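Below, each chain spelled out in residue letters.
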Amino acid sequence: MPPRTNALGLARNTYRGKPSTLCPGCGHDSISNQLITMAYELNLEQHKIIKVSGIGCSSKTPAYFLGGSHGFNALHGRMPSVVTGALLANTGLSCIAVSGDGDSGSIGMGQFKHVIRRNVPFVYIIENNGVYGLTKGQFSATADEGQFLKYYGTNHMPPIDLALEAVIAGATFVARSFSGDAKQVQTLLQAAVRHQGTAVLDIISPCVTFNNAETSTKSYPYGKDNEIPLHEIQILAPDYVPEQEEITIGDYAEGDMVTIQMHDGSFLRLKKLDNDHDPRNRRQAMDVLERSMREQIFSTGLIYYEEPRPTLADTEELTATPLAHLGAEQLRPPKEALDTLMSGLMAG
Amino acid sequence: MAIHAEPQSKVDIREPVVNDFAFSVATKNGSGSQTSNNVLVMSLFRMGIPVNGKNLFPSNIKGLPTWYTIRASKDGYTARKAITEIVVAYNNDTAPEDVMNLPPGGVCITTDKIARVIRQRDDISYYIIPVTKLMRGAKVPSAFRKLVENMTYVGAVAQLFDISLDLIYQVLLDNFKGREKPARMNQDIVELAYHWTAENIVKSDPYRFETMDGTTGKIIMTGNDAGALGAIFGGVNVVAWYPITPSTSFVDGIIAHRYLRQTPEKENTIAIVQAEDELAAAGMVVGAGWAGSRALTSTSGPGISLMSEFAGLAYFAEIPAVFWNITRMGPSTGLPTRTSQGDLLFTHFLGHGDGRQICLMPGNLKEAFEFGWKSFDIAETLQTPVFVISDLDLGMNNWLSDPFDYPDQPLRRGKVLDADALQAFIDEHGKWGRYLDVDGDGIPYRTVPGTNHRFAGYFTRGTGHDEMATYSERSDDWVENMARLHLKMDTARSLLPAPIVDDGNEADIGIITFGTNEEAIREARDWLANDGIRTNYLRIRALPMAATVSDFIDAHQSVFVIENNYDGQLTQLIRLEHPENISHVRSLALGDGLPMTPSWIYDNLKEQEG
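Protein chains in written order, with the numbering used here: chain A, 1 to 348; chain B, 1 to 610.
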């Protein structure tokens, strides 16, 4: 029997990359797997996608998915600037970027905040495990206060909440998830690639080697037992016609359903679960994140959503043709232009 | 202190000195003297007199002393002169010393207030302008009063040394982009001082200007503007930068000329991003270069330091991008507003581990423009970052130049494979790998993101890789890759701008330099020739250096390497590249924060040559 294929006639395995070299059971591999599924399900063309990352365990993963895409494993904490340059050079590209809690929360905090501020349109995944894996188990800036790790003792610093930082920086799509919740990760990824702005996904992704004890809020056992989704999410195709009633409900935070239309025309439908959270309310989003941190509640889902602001390329008023595709006649003004300038500068 | 004779006593008038003397204008930073000085420079330029203007300014917004030197030279010498015959002493803090620095026969133009605090010399002329009294009679809104006060010395200078009032008004109009109101306001002060000087001061010096034909067809511009314009004609697409003196005006130049590249619908073909720091600026240009655009950043030493990690990545991952280093005095914050050639070694070896970077070193305005566009061709041909090493003197000062030549070659995008070319490559060679060298020149073929071919994608990384761009920690892969990168650098030697050579003088002495010292050296060589000392000359314009440098060294009994840094960095590099028979190579390295003078070169070369 021939393998199942998507609308492009491609089998799922054509979206795979090289075999992973991460520790068996690593949360990051589940996320790579969801990225492969997402691209397959959405019939994405790999040549139109770039994968960019920083340095760390998480940042190795772009080698393990979408092998047909161009990838760039850049410098520690500097993925956002590389993405900014690449997407200015070619606005026709989509970008999936992978970072970690060390990469974004410590060395790259500045670039993390500034890329959001500029609203560069890409999917910014943080594979957050609270620990430095490649250097063997130091705390990262997202580790909980009071947490104990074998090699480094007790962490006395309060954590940095990267989802909260993203909201504050002006992100228009901020989600938190758990790599053990494959279904939610998949839905959020599918929503994020449709977004026309920086879409930040802070995915708790356990490190099975250095930070997987039950006492750690970044572990599998903790996540499985404590994850509280804010809502059930569903993505509906652009041709879906929402009932009149639902639009009314969606327009105002009342009842238990929120419907958001994405840039490509598709709909994101969120069914609230035992809470009043409306992701279109910035104040509520920040409250949810602060309460989660304070009371150690593992809330997941789409935390914040807003109609995207103009992207950086919009602000730059760039021509529609990607800059990388411009021909010589658009790159070099004619000789007359130089001659006019020069004669205007001459003494007489 | 008794300097109050009005009209002033007459000193013996000596032989006239026409169009061959220098001014130093001493003011306080932020006092608005920039317009006054610019008006003087441009007026002389319009009179056809070869002129330069160099701003020797402090790292300060307001209040610290600043000097602007203006040199007129009928013979066309535009280097800074060590001694200026005339000082406009408008800063009470420095006036006492400024006056003592004048040569005998010099001229001091100062204000009545300052005149009270300076020592009187009987071997110079004093012209004292009652600035307070003049300004009291001027109809200037109080908000502008302090800013236009410096126009009083423009008026006095114009009267004393013969610059026409009409010309000054034309220059003022140009300066204010045709707006009559500010031009008129300034001109009123100029005229007040001009007429007061005519009525009250008796000229007792031999200096004056005369219209001549020395600037016809020439232009005046700063090197930063020239480089920026070059980049515009070189097809720059993405500019990322962080403000830093003395490179900020480079990006200002790109912004000012961005319109030249707009589409008929007024859309931009150049993205300009002010980054959060130089690290991000470097990341953006590396990302943009990787994705197939022509990307540029401009910075100075501290910024280059921050960019070093990306520089190493771009070298190793083979990504084109252009980095301008408008060098200022380091180490550290150093002398942030003073010129230097002290980043030569650092920039050439930027990045950890093995390797060296391509450097272009423009020596004048025309080359700043030329390297402005050519740097992109070189970066894309070699698939590597290119560093253009300019300096504060070239970047921020006004230079006289012939107009720029339109690029004499089409854009060279290098070995980039589109989908069809990639298929043809695979058909011919059986496979394509990002770092596969099929031409034997060390330069592989690349694809850019967006190429619609199933084998176009590859993984760019700073980690060890084989020729297929696959991760590898194998020793042989590593060594083969390094050998290819070295081969690529050797290929570069013949592609880069060749040295400028003047070796037809039957001379035993050879002079080697780089960058902006050329004008000072040219003048010093003329002085030496007058003394019967013949010299040959070679100016290196790119690194890694051309093989001809070695021939030049071998062909002379005595070689002087002249550069404006303390460590003699070019000398060190020559010793590294040319280790045999170099006991006759000597270093003349200065590095005092100022543009080099002919007299320093002349004195030191003569002393060493004995």
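Hints are supplied without guarantee of correctness; some may be wrong.
Stated by the list, open to error - Covered, in the sense of this in silico footprint (three residues per stretch, anywhere, with C-beta under 8 Å from a C-beta of chain A), are these stretches of chain B:
| # | segment |
| --- | --- |
| 1 | 111 to 121 |
| 2 | 218 to 229 |
| 3 | 273 to 286 |
| 4 | 290 to 302 |
| 5 | 457 to 469 |
| 6 | 519 to 530 |
Source of the hints: derived by calculation from the structure; they are not laboratory data.
Just so it is clear, the structure is predicted and the values come from calculations on it, not from any experiment.
Just so it is clear, CB atoms sit at the ideal spot from N, CA and C, and this is done for glycine as well.
Exercise for the section: Quick one: which hint numbers does this structure break? Sort them smallest to largest. Expected result: Structure breaks hints 1, 6.
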